[in-house]
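Mind docking chains B, C and D on chain A? Use the hints.
Below, each chain spelled out in residue letters.
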Amino acid sequence: MNVLYFAWMRERIGRASDEVNPTGLNTARDLVEHLKTQGQEYEMAFEKMTSVRVAIDQEMSTLDSSIAGAQEVAFFPPVTGG
Amino acid sequence: MNVLYFAWMRERIGRASDEVNPTGLNTARDLVEHLKTQGQEYEMAFEKMTSVRVAIDQEMSTLDSSIAGAQEVAFFPPVTGG
Amino acid sequence: MGGATSNSFSVSVQTKDFDIAAETKVLTASNTQIGAVASFIGLVRGSRETVRSLELEHYPGMTERSLEAILFEAKERWPLDGARIVHRVGALAPGDQIVLVLTASRNREASLEATAFIMDYLKTRAPFWKKEDGPEGSTWVDARESDDAAADRWDP
Amino acid sequence: MGGATSNSFSVSVQTKDFDIAAETKVLTASNTQIGAVASFIGLVRGSRETVRSLELEHYPGMTERSLEAILFEAKERWPLDGARIVHRVGALAPGDQIVLVLTASRNREASLEATAFIMDYLKTRAPFWKKEDGPEGSTWVDARESDDAAADRWDP
Chain A
1 MNVLYFAWMR
11 ERIGRASDEV
21 NPTGLNTARD
31 LVEHLKTQGQ
41 EYEMAFEKMT
51 SVRVAIDQEM
61 STLDSSIAGA
71 QEVAFFPPVT
81 GG
Chain B
83 MNVLYFAWMR
93 ERIGRASDEV
103 NPTGLNTARD
113 LVEHLKTQGQ
123 EYEMAFEKMT
133 SVRVAIDQEM
143 STLDSSIAGA
153 QEVAFFPPVT
163 GG
Chain C
165 MGGATSNSFS
175 VSVQTKDFDI
185 AAETKVLTAS
195 NTQIGAVASF
205 IGLVRGSRET
215 VRSLELEHYP
225 GMTERSLEAI
235 LFEAKERWPL
245 DGARIVHRVG
255 ALAPGDQIVL
265 VLTASRNREA
275 SLEATAFIMD
285 YLKTRAPFWK
295 KEDGPEGSTW
305 VDARESDDAA
315 ADRWDP
Chain D
321 MGGATSNSFS
331 VSVQTKDFDI
341 AAETKVLTAS
351 NTQIGAVASF
361 IGLVRGSRET
371 VRSLELEHYP
381 GMTERSLEAI
391 LFEAKERWPL
401 DGARIVHRVG
411 ALAPGDQIVL
421 VLTASRNREA
431 SLEATAFIMD
441 YLKTRAPFWK
451 KEDGPEGSTW
461 VDARESDDAA
471 ADRWDP
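Protein chains in written order, with my numbering: chain A, 1 to 82; chain B, 83 to 164; chain C, 165 to 320; chain D, 321 to 476.
Chain A extracted, bound-state conformation (with noise of 0.2 angstroms):
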């Protein structure tokens, strides 16, 4: 599973995407747990998680969205555009 980010996120943990092996991992936040466990950019990307927004497979989801079979998850502050 590929494990997209952007904005801020992108840059505090320091590179764009992941290839994640999803197994035993049902939700959207199942994986955000398994991320901060690889080490400490990651816990600081992911410390205030009501600014953490999520897209399985490029759809706008929630944390508690499955993430069965998704083949891209991606990570990214509230979007800013216009």
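Hints are computed from structural coordinates only; laboratory data are not their basis. Hints may be right or wrong, so weigh each one.
[Stated by the list, open to error] Simulated DEER-style distance windows between Cβ atoms:
1. D/Asp453 - C/Asp297: 53 to 59 angstroms
2. B/Arg111 - C/Lys180: 36 to 42 angstroms
3. D/Ala389 - B/Gln153: 58 to 64 angstroms
4. C/Glu219 - D/Pro399: 24 to 30 angstroms
5. B/Gly151 - D/Glu369: 52 to 58 angstroms
6. D/Ala389 - B/Arg111: 33 to 39 angstroms
7. C/Arg289 - D/Pro476: 31 to 37 angstroms
8. C/Asp297 - A/Asp57: 55 to 61 angstroms
[Stated by the list, open to error] The following residues of chain D were derived to be distant from chain A, with all beta-carbon distances above 12 angstroms:
9. Ser330
10. Asp339
11. Val346
12. Glu456
Heads up, the beta-carbon is just placed ideally off N, CA and C, and yes, glycines get one too.
Same frame as chain A, now just chains B, C and D:
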């Protein structure tokens, strides 16, 4: 006093303006009654008063507005610009 | 620089066509605090079969005054940095541009609402009249009650 | 001729600038039943002293999908003959155009309301992020609660 006509009122009356002596005319309605004595074309133009709008010195007004001291009174159908 | 000047609010009544890109550039050029520009363009509807041409008559003098009064009213109601109305008169064909309303603001909702307001007031208060030349001859276009209702919604 | 085709609804995410007059012409060219074109342009605010430049990041793929979904939703809600979103990405300077929304309809209110709706949804649903480069360094722009409130008003 200069009296102007626009759109189908101008066409029905057959002219774009008249010079009228305002003596004895208090309101726009008085002016209409006076004009209707000037010929059948005026009677036709002012036949359906719900479709007649009036501007006094280029300000939207009502038939009961005073025309005392006015230099220009205009009659026209409801506007259809835009 | 940066401040809105009073000539940021202007109207033109003209026979010639307008270019919305050029008009937008003029409206926003001197003020980089403008974040939002809303606009409306009215076009002549109808195919060449149903409407051969449209003739727009107006009341010179009063037209400009009434359009300026509408911009003044909009400026009182919304935080606008500028606004512009261009209205064409004379002979027009299907697809031609008739009217342009442009508003500039720091605020998105202000620009969009002010544009709607200006159009609603223009439709019911500015002295223009349309005459359509179709296959069955010329007819003056009737005013629409829906336009009165649209204008009424801005009353307190 | 005269009928709206499905490609009357389109989006572009691009680094290059856009021309609202040219975009309007494309949107209205094939359909003379369109009487109303509303639009919104977002500009980079701030003087050269406060904002040296703005960097717009986005999520390629999802951006286009989300913008298309917003146009589809607008088309379900209002009688639109066409709509277009152009959103720029990359480096921009104060005064630069960021986003264009254009809607075409037979109905004035429909085009203006749909334009407001599209902007409100775009502001809260399309994956773009702004980073400002000012005199005190680079900062990511915070999302605004007022944008969430604006989007919420369209919920049933």
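Verification of the hints:
no. : hint                                    : verdict
1   : D/Asp453 - C/Asp297: 53 to 59 angstroms : holds (57 angstroms)
2   : B/Arg111 - C/Lys180: 36 to 42 angstroms : holds (40 angstroms)
3   : D/Ala389 - B/Gln153: 58 to 64 angstroms : holds (60 angstroms)
4   : C/Glu219 - D/Pro399: 24 to 30 angstroms : holds (28 angstroms)
5   : B/Gly151 - D/Glu369: 52 to 58 angstroms : holds (55 angstroms)
6   : D/Ala389 - B/Arg111: 33 to 39 angstroms : violated (58 angstroms)
7   : C/Arg289 - D/Pro476: 31 to 37 angstroms : holds (34 angstroms)
8   : C/Asp297 - A/Asp57: 55 to 61 angstroms  : holds (56 angstroms)
9   : Ser330                                  : holds (18 angstroms)
10  : Asp339                                  : holds (19 angstroms)
11  : Val346                                  : holds (22 angstroms)
12  : Glu456                                  : holds (16 angstroms)
Hint 6 alone, counting from the list given before, is not met by this structure.
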